[in-house]
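Visitor: Residue numbers (the numbering used here), protein chains in the order written: chain A, 1 to 367; chain B, 1 to 262; chain C, 1 to 303; chain D, 1 to 405; chain E, 1 to 235.
No wet-lab data here; the hints were simulated from the structure. Even for Gly, the Cβ is constructed at its ideal location relative to N, Cα and C. One thing to keep in mind: the hints can contain errors.
Below, in silico cross-link-like pairs of lysine-lysine (DSS-like), each with a Cα-Cα straight-line distance of 27 Å or less [as the list claims (entries may be wrong)]: (1) Lys20/B <-> Lys52/E; (2) Lys329/D <-> Lys184/A; (3) Lys389/D <-> Lys329/D; (4) Lys58/C <-> Lys267/D; (5) Lys76/D <-> Lys389/D; (6) Lys288/C <-> Lys131/E; (7) Lys20/B <-> Lys122/E; (8) Lys55/B <-> Lys212/A; (9) Lys57/B <-> Lys288/C; (10) Lys57/B <-> Lys212/A; (11) Lys171/D <-> Lys101/A; (12) Lys145/B <-> Lys212/E; (13) Lys187/E <-> Lys231/E; (14) Lys389/D <-> Lys353/D; (15) Lys131/E <-> Lys113/E; (16) Lys55/B <-> Lys58/C.
Anything over 12 Å on all C-beta distances counts as not near chain E; from chain C, calculated [as the list claims (entries may be wrong)]: (17) Asn60; (18) Tyr166; (19) Tyr170; (20) Val181; (21) Met187; (22) Ala189; (23) Cys190; (24) Leu191; (25) Ile193; (26) Val259.
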Amino acid sequence: MQLSNLLPRRIWLLLGYAVAAAALFSAPLYLGDFRLNLLAKCLAFAIVALGLDLLWGYTGILSLGHGVFFGLGAYAMAMHLKLVAGGSRLPDFMDWMGLTKLPWFWEPFKSFAFAALMGIVIPAGLALLLGFFTFRNRIRGVYFTILTQALVIITVTLFVGQQAYTGGTNGLTGYTKLFGYGLKTDTAKTMVYLATVVALIVAFLVCRFLVKSRFGKVLRAIRDGENRTRFLGYDPSRYQMTAFAVSAALAGLAGMLFVLHVGIISPTMMAIVPSIEMVLLVAIGGRGTLIGAVIGAIIMTQAKSELSASYPDFWLFFLGASFIVVTVFMPGGIVGLARLLNQKLTRRRNADEVNLNPVVRESNGVV
Amino acid sequence: MKSTSILSCEKVTVSFDGFKAVQDMSLELASGELRFLIGPNGAGKTTMLDAICGKVKPAAGNVTFHGKQGTVDVTRRKEHEIAQLGIGRKFQTPSIFSGLTVDENLEIAMAQNRGVWATLRASMKKSDRERIDAELELIGLGDKKRLRAGLLSHGEKQWLEIGMMLLQEPEILLLDEPVAGMTDKETDKTGELLQEIVRKRTVVVVEHDMEFVRNFASKVTVMHEGKLLKEGSMDEVQRDDRVAEVYLGRKRRDFDAIGSTA
Amino acid sequence: MEIWVSQLFNGLSVSSILLLIALGLAVTFGLMRVINMAHGEFIMIGAYGAYMTQQVFKSNFSTGLFDAYFPVAILFSFAIAFAIGYLLEITLIRFLYGRPLDSLLATWGVGLMLQQLARSIFGAPNVAVASPSWLDGGLTIASGVVFPYKRLFIFALVALCLFAMYLYIYRSAAGRRMRAVMQNREMAACLGISTRRVDSFTFAIGSGIAGIAGCALTLIGPIGPSIGTYYIVDAFMVVVLGGVGKLIGTVVGALGIGVFNTLFEWGTNASLGKVLVFLCIVAFLQWKPMGMFAVRTRSLDQN
Amino acid sequence: GCGGNNNNNAGESSAPASSGAASSAPASSPAASGESVKVGILHSLSGTMSISEVTVKNSELMAIKEINAKGGVLGKQIEAVVEDGASDWPTFAEKARKLLSEDKVATVFGGWTSSSRKAMLPVFEELNGLLWYPVQYEGLESSPNIFYTGATTNQQIIPSIDFLLEKGKKKVFLLGSDYVFPRTANKIIKAQLAAKGGETVAEEYTPLGHTDYTTIIAKIKEAKPDVVYNTLNGDSNVAFFKQLKDAGITAADLPTVSVSVAEEEVKGIGAEYLTGHYVAWDYYQTTDTPENKAFVENFKKEYGADSVTSDPMEAGYVAVYLWAAAVEKAGSFDVDKVKAAAKGIEFNAPEGKVTIDGDNQHIYKTVRIGEVKADGQIVELWNSGGPVKPDPYLTTYDWAKGLSE
Amino acid sequence: MLSVQRLEAGYGESVILRDVSITVEPGQVVCLMGRNGVGKSTLVKSIMGLLKARKGSVSFKGTDVTKKAPGERAKKGIGYVPQGREIFSQLSVYENLRIGLEAHPDKAKRRSKEIPGEAIEKFPILPTFYKRRGGDLSGGQQQQLAFARALISEPELLVLDEPTEGIQPSIVDDIQDVIRSIRDEGKTAILLVEQSLDFVRSVGDRFYIMEKGAIVWEGGREDLDDPAVMKHLTI
Ligand SMILES: Nc1ncnc2c1ncn2[C@@H]1O[C@H](COP(=O)(O)OP(=O)(O)OP(=O)(O)O)[C@@H](O)[C@H]1O
Ligand SMILES: Nc1ncnc2c1ncn2[C@@H]1O[C@H](COP(=O)(O)OP(=O)(O)OP(=O)(O)O)[C@@H](O)[C@H]1O
Ligand SMILES: NC(N)=O
Ligand SMILES: [Mg+2]
Ligand SMILES: [Mg+2]
């Protein structure tokens, strides 16, 4: 009975995924320049959201500093693009700041492969480093969250201050070519878009594998009771570091793609507000479900664009109100709502439903 | 009955901001022993278990474990290392992973390599599935295995935690009030289960249910105000005036004595 | 020598401001565990409250009376922030206890709306609040060392708020009820406490104190729709560094950040000073992972 | 309050999003369908920059309204499509792309920070759009797709330093927000001071949005400069000037020169904190021209009696008129034709006569040093006597060699 | 005193209690038994108002309290010792007890800084702990505190959910005495959830046994030897 119950559901789900993938792959055929660009941006954010969901939804670690990892990935790609655009000349902002020679750490970014690798390795490495100093010392919860905010402020301040090396507040912009092809041609844009779709699907599959594996179950166990897992013999800090690094790597990947679509990266993208907005994507979509993260990212990024275009003076009212409505009427985000409706319709009690409240207070008594 | 020592605690002292919850407490456990640890509320029983499994660090004293991996000074190890050495713990208030299903709770508790890499590649083998199913049967949660553990009743959580502990297959099981909230019959069943387990392992049980202690204990250690008060068979302990005074209550001793002869 | 005295004073002054902006958050976040991203906007409400009071005095009273506006403004700022906080709690926050992410999302939304509301009512540009003339000038300690009266006034105001909060939270029956509700809402209800009332009152108090902070900040800083965003991160830093849920922690956290910030800024520059302060926070938490005054519990995994 | 009327793009129907054409169609064939032509207005209406940019949006909308009242351009009514850049540079890029490729606007008026302009620039160059940028900036730029109607450095900063040196204020303390404009401006100032016998006593930057200036003020006291050259931006100015006064320092003791404080900012800080301090711009509300009288009057009528006008607002207003004039001259909305026609166009602006320099697409402007008065108005102390030719790369200054290589 | 009529309640989508009716007469000790997970605590929570009734009603002292909040029920005179202790871990033991006084009918007592002696003299250790935080106590000490906290408001109905869990035998005896003396005084009724047959036999007047969310057996003390009792309590 259980099987027959499960089977059609699986099939529906697979069908849904297939339709979604087809729609995404064929988007260049029916979307205009701006729309395609916007969608590509949404998809890049969806990748960050996936990583954040892995971290928050499944491991219970709230990072309000993912803008940094996103930005580091973006800067890695941007450095490459900037060097390619400049040809043999120094990037313009270095010129203004009086540099005469390309700084040594810029040199290797002339290679695309190196830049692409760094766009993932640097964020992941930084996450491992921060994770090492925090998780191992059992810094967690809000204390960890605050540290990620400190990370944001430190990074942004350094990027703004080191104008000669980073372009300061202006960031890096003005790219022209990739692999020798003009970035602004339609084919190039379509290719970059398709690359993003592929990246998103790969990221989704990776995350799915992670959360379905026993590793994923341990992550959720850590979320529910970090100390309890210790007494089962697990070392939570290693799991947390792994999740954090994977999540940061995904953010870096997203950043690289973002730069290709938007054509600029600046410290504003790493700052507090974008970092928080990245988390909100997950909340809107539904934490603890990967597809929720993707849906949340796409819907919210689109909604922001639409609302601000239609009501430039008042759109924040609508955006703010929609956050409130989501939390009050749709705990568990869009996906949570869908599940609730599904449950209401089928009157079925789903055993492995999302945990809406990872922090279920057991007891404040003695252990 | 000749057996080797598996755990020795020597003059363990645990203090919280100067308050000594456990003081100069020594405890020697023989391999394959079922030991009961009793004592008044606040005597330091839970704290003693905490010291053994690494939840608190003793201010003084040694805890040495003579397990499969040789002799180890437990106080120098981190919690997860101690658990990996083979010391398992059930806590006084049910401590399960409320967001995981009953099944998943058991799956991650099951004896296995606890590394990140290993869990990434782990798959549910047929033998694993059978073990878990058998355990589910034993703890009576078979039809709730797909339910989130946070939704279980108090007693069901206790059972689940016992199940997790058993699947973990530690060399020493530290059980803090395992039969609290169970019906009399369930208590008996648990006692029998424990006697089964000690054939292969060592068990320490903290319990206030004297009926249970009397039925299943061979050796009882009584703590009081952080110190050892008495150690011996249940009969010896029960006859001890100080134990009666601080713990059993006069009436209870008489009542129990009658109960045991009846 | 003089420079050290005045820098020490500046450090304490920065601390007092940090404390003022963090006090309200110590209630809504520290005690109630609502990740209150709208805290900055309650500060903004307080600031605009002062502006409105000033406008009323300007148009209705003689110049002689005008200086009296500030004490009125403090009360008004408190009242209006309190009222809006109360309203917010009964309409929204009450659904969010124990749901940290949702509280983050919803209060972020509230913050956006409040900012936009301010923009619609008062316009996007900054508005000016004239400080009362009795706060002009300063106490001259030595040549070149002046303690501005405004700063001294803020010290006094902070001390007063802190003392009142201490009495309320730790010494009054209402405060005891409040702490009980915050720790275990269900059980508190079962013991006869009207948790709804306590909840909304507590959130309103936290908001009201943010309002006072906003009013005080008009003395030294800008008043515009997005001023809340400048203070929110610092406020969270202070509360967390001190140890969530401990009033004393908030005090010491503010002192630490304020004094070190001033010190570093003097030695280097404003940007680097900030970076150094945050690096210190990172380092400090290595040593005390739960803040300066951690709330210890025996329970295995506290919420 | 400010009750700005927000003429939004009401006729969305005309925005084509047909599949084939959309991605490839360059914006050089803008939608001038039927009776109206669309133009984009892209400023930060939310976020920290909105305190400055909203008023520029307002003055641009007013110019559009005035032109429409007079019959529009080429007989077509101008329809403004307002977008919010949200104080976020990538959003500016995104919105610029939307305006050009989706709304197909004929031109865009927008931006405030240099960062936002730099973010939009590649988009305008890629899609061959037209941007009118209305704020003073640090120079060193000249994009074929941008017209700069604010001052470049030789129309604001350099003359103001000359003014100070002439007044004998040689020891200068440089204080700025930590971003590109102040840093570049200060680089120029340092070179100029070094060349002309002045002295930079210290250089300090604070993060954008910084609100505590006690330590900086202590440093100023220590450094004992003759003047503080202030390139702080936005809200930081409020905190700085309030705290400066609290520290017992008045304009008489130590004057400051600000280049990002205009009438609107004076209003937000409170005139009593600024009385006697200097500012450098190309326009003040008090500038005495007939055009300005009408401008100020209309603005107050439109946005309330207690609203004020300022240099960037005027530059935005002027931008709209210059574009309209260029379109009329070209007889077309085509970007390339408009650009070609714009060369040399003159306009009697509120600030006096301005002329578009065809080479760098900046405009000739009259430089004015002013002093803030107790009523919040700024009174001119000095002017350049006539419009100054824009020189964004400072090619005419010997001491600036090597600055802009 | 307390009358639960045809109650249906549950969590989320699932219905736990089906058609449950029980009554507690003044001065009576009513015991509720049943295996783990049958719904005893769920019933108790519904009586306290922590769970909404889907159907049926709860009335106390003749008034319908089905829609009343837990706080109001407490003020009407229901004292509660929950399963799992639920003491306020960051409050001192003294403060925990003061919170217990909140529902006391006598205003003077509510305000008084003194903790009434009668209520806690059965737990002699508690006064020595006044300054310590509730959360630092041992499990059994916390359980005693939870018990005292409920007694202190002199409720007319005491709802006890496995109140002796983790308490040392001598004090369990004392609690037995307390319950008996309360019964003898006849002022307070008690609804007791307990697993130990010995314990309930020695204090109870009326007995209910639950299974799968329904009452399956009820009777007086003399009926306890009924073999059905054993059947319902074993697996
Ligand atoms: N973290 C702590 N801080 C302060 N005191 C503590 C702490 N942990 C334990 N104690 C005290 O140490 C003593 C021993 O506590 P413990 O929990 O070990 O007792 P126990 O023997 O398990 O009692 P019970 O039978 O009631 O569970 C108690 O008085 C308790 O209050
Ligand atoms: N919060 C909850 N959400 C959903 N189901 C729950 C919840 N709490 C308990 N249940 C379910 O309700 C049923 C009855 O639980 P309850 O706690 O009332 O049992 P109980 O009779 O008190 O058992 P015990 O003796 O173990 O305390 C159990 O099957 C449990 O799984
Ligand atoms: N161009 C400016 N002021 O950033
Ligand atoms: Mg114990
Ligand atoms: Mg129960």
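Visitor: Between Lys55/B and Lys58/C, does the CA-CA distance stay at or below 27 Å?
Guide: Not OK: Lys55/B and Lys58/C at ~65 Å, beyond 27 Å, violated.
Visitor: At 12 Å, judged by beta carbons, does Tyr166/C keep clear of chain E as stated?
Guide: Correct as stated: the minimum Cβ-Cβ distance to chain E is 15 Å, above 12 Å.
Visitor: Just to be careful, I want the Cα atoms of Lys20/B and Lys52/E compared with a cutoff of 27 Å; is the pair within it?
Guide: Roughly 45 Å separates the two Cα atoms, so the pair is violated.
Visitor: Does Lys122/E lie within 27 Å of Lys20/B when you go C-alpha to C-alpha?
Guide: holds (25 Å)
Visitor: Decide, holds or violated, for the assertion that all CB atoms of chain E are farther than 12 Å from the CB of Asn60/C.
Guide: holds (44 Å)
Visitor: Could you grab the alpha-carbon distance between Lys389/D and Lys329/D and see if it respects the 27 Å cut-off?
Guide: holds (22 Å)
Visitor: Holds or violated: Lys389/D and Lys353/D, Cα atoms, limit 27 Å.
Guide: holds (12 Å)
Visitor: With the threshold set at 27 Å, check whether the alpha-carbon distance from Lys171/D to Lys101/A stays at or below it.
Guide: violated (33 Å)
Visitor: For a C-alpha distance cap of 27 Å, please report whether Lys145/B and Lys212/E respect it.
Guide: holds (17 Å)
Visitor: Regarding the pair Lys187/E and Lys231/E, is the alpha-carbon distance no greater than 27 Å?
Guide: Violated, because 34 Å separates the two Cα atoms, which is more than 27 Å.
Visitor: Mind checking the alpha carbons of Lys76/D and Lys389/D for me, to see if they're no more than 27 Å apart?
Guide: violated (33 Å)
Visitor: Per the stated criterion, does the least C-beta distance between Leu191/C and chain E lie above 12 Å, as a non-interface residue requires?
Guide: Per Cβ check, Leu191/C is inside 12 Å of chain E; nearest 5 Å; violated.
Against the hints set out earlier in the document, violations occur for numbers 1, 2, 5, 8, 10, 11, 13, 16, 19, 20, 21, 22, 23, 24, 25.
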